[in-house]
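Q: Spelled out, the chains give:
Number of protein chains: 2
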Amino acid sequence: MSTLNAAFIGLGTMGYPMAGHLAEAGIAMTVYNRTAQRAQQWTRDYPGSHAPSPADAARHADLVFICVGDDNDLRQVTLGDDGVMQTLAKGAVLVDHTTASAEVARELDAASRKQGSHFLDAPVSGGQQGAQNGQLSIMCGGDEATYQRVLPTLQHYGKAINLMGPAGSGQLTKMVNQICVAGLVEGLAEGLAFALNAGLDANKVFETISQGAAGSWQMVNRHQTMIDDQYEHGFAVDWMRKDLDICLREAVRNGTPLPITEQINDFYREIQSMGGGRWDTSSLLRRLQKIPT
Amino acid sequence: MSTLNAAFIGLGTMGYPMAGHLAEAGIAMTVYNRTAQRAQQWTRDYPGSHAPSPADAARHADLVFICVGDDNDLRQVTLGDDGVMQTLAKGAVLVDHTTASAEVARELDAASRKQGSHFLDAPVSGGQQGAQNGQLSIMCGGDEATYQRVLPTLQHYGKAINLMGPAGSGQLTKMVNQICVAGLVEGLAEGLAFALNAGLDANKVFETISQGAAGSWQMVNRHQTMIDDQYEHGFAVDWMRKDLDICLREAVRNGTPLPITEQINDFYREIQSMGGGRWDTSSLLRRLQKIPT
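Here the protein sequences come in this chain order: A and B. Residues in the first sequence are numbered from 397 upward in steps of one, following our numbering. Residues in the second sequence are numbered from 397 upward in steps of one, following our numbering.
Bound conformation, chain A alone:
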């Protein structure tokens, strides 16, 4: 079996360790990052080379992975002048790990097909820690054959990997996740604000209720940092704002009323204007605590 050639575009908090796992698995890697110094650093940490553009990185790749910021970044590194589509080989697969719109996923699927290659949208969850430990959840959209072909490679950094349906379905699933998180975290924030104002021992409260009907991953993993007013970790409000904007646009398209999600997106906008764009999403509590009563 000949060595697999892969490109990885976007060496951010997530992409950097993800590309690293592929390199460590013996895949011949070519990486690209907008800030070239970071790509150079990556080649000092891992075996592989870096390319001056997405097109150059993708030129000889069997698999091209992307993990960038948003729809605009994604269109630029794929459909732009120096983008991946300029060189993506016939039969190659483009795998997009960006949390983006379902629309751009369908666009890239169509563009890939047009040149005889394949596309998979594959947003992840599990955060920086999941990327470092190789324990990400990966929600895929695309056809079965493409999914099966890429699956063994995804397993180098993914744990729960699922094909959700045709192109765009990975993104739609990630949106469901973010909608559920928004209501959940606000409920937790209101509950904790109440517990503190009521003079309860908040730790004891959550020990007591976290096994029952109010229990959640967020309650188990965030109540302590919320009690400690610590938000310099986790999933940043700026990213949540981006994701919720995507959800709300798609909800208009598919006719879903999201009254509370919409309002929580506004709460996150307030947190941004409080200077909290980099705070964890659980900082909804800090916002509540600033409201004059």
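These aren't lab readings, by the way, just hints derived from the structure by calculation. Any given hint might turn out to be false.
Put simply, identical chains are the same to the list, so a pair is met inside one copy or across any two.
Claimed, not checked - Result set (DSSO-like, lysine-lysine): computed pairs, CA atoms no more than 27 Å apart in a straight line:
| no. | residue 1 | residue 2 |
| --- | --- | --- |
| 1 | 600 | 555 |
| 2 | 638 | 555 |
| 3 | 638 | 600 |
| 4 | 686 | 600 |
| 5 | 510 | 486 |
| 6 | 686 | 510 |
| 7 | 486 | 686 |
Mind docking chain B on chain A? Use the hints.
A: Positioned in the frame of chain A, the structure of chain B alone reads:
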């Protein structure tokens, strides 16, 4: 050791099996229920006798348990003409399992002390099934000595039993629970409404995301019935309305803004006017699905 005498006031969905567990444990039971036929039925199912009034039930009791509907019912069976306080013996303990206000808990604590007896507020969670299986969570408020004295008896139907602080603290903890549930269930409902409108396989979506940051007891235990549009089970909207009204009044008192909880209470009011007072709280999805878009 002489036999423990206990009274149980209120043989509803929860109280009926709870009193049954005490009878089966060998405690000499006297029960009271507003609808006398139900008390008569209870004495056919379990060893024990029934009394014509709360005062009569409590007359010779070491421990008096109450599990009724709301603050008004509770005041009536305790402070009313035929209420427990008429006969509650010096040294006896009054244990209230009603989900009620912290205010009425403090009132009953004061009234109990005045006649040399003791009080514990002890709202439960775990539902009808928890009451039947003896697996309830019990959140207690009161003093340590009273709690330790009652604990072995509570263990006949409770699993996770905790003393949360002074009188009223059990109720306040239950309120935190209900506030967390409200936001959580609306988030889940909005996520599921979106998933269905997006054409996703909703079962597969929840299998995929329930282990991560969006995961919750509600997601695991309610997604299937929500997908099936089944709400004839679980915790009724009428009861949730009552509980959230209590939360919102207490939040005004302790200065906690609960913007989303307040709005979800309004959503539940809408469900009541749709005829859904007996539906499970997860019927927030059905409300979303009725909104014209």
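Q: Work down the list of hints and note, for each, if the structure agrees.
A: Status of each hint after checking the structure:
1. Taking the shortest alpha-carbon separations for residue 600 and residue 555, only the inter-copy value of 16 Å comes in at or below 27 Å, while the best intra-copy value is 33 Å.
2. Taking the shortest alpha-carbon separations for residue 638 and residue 555, only the intra-copy value of 25 Å comes in at or below 27 Å, while the best inter-copy value is 43 Å.
3. In the homo-oligomer, the alpha carbons of residue 638 and residue 600 lie at most 27 Å apart only across protomers (25 Å), although the nearest pairing inside one protomer, at 35 Å, exceeds that limit.
4. Proximity of residue 686 to residue 600 under the C-alpha cut-off of 27 Å is restricted to the intra-copy arrangement: shortest distance 24 Å within a copy versus 39 Å between copies.
5. Taking the closest pair of Cα atoms, residue 510 and residue 486 come within 27 Å of each other only inside a single copy of the chain (10 Å); across copies the shortest separation is 87 Å, beyond that limit.
6. In this assembly of identical chains, residue 686 and residue 510 lie within 27 Å of each other by CA distance neither inside one copy nor across copies; the values are 53 Å within and 41 Å between.
7. Taking CA atoms no more than 27 Å apart as the test, residue 486 paired with residue 686 passes in neither setting, with 56 Å inside one copy and 47 Å between copies.
The structure shown violates the earlier hints numbered 6, 7.
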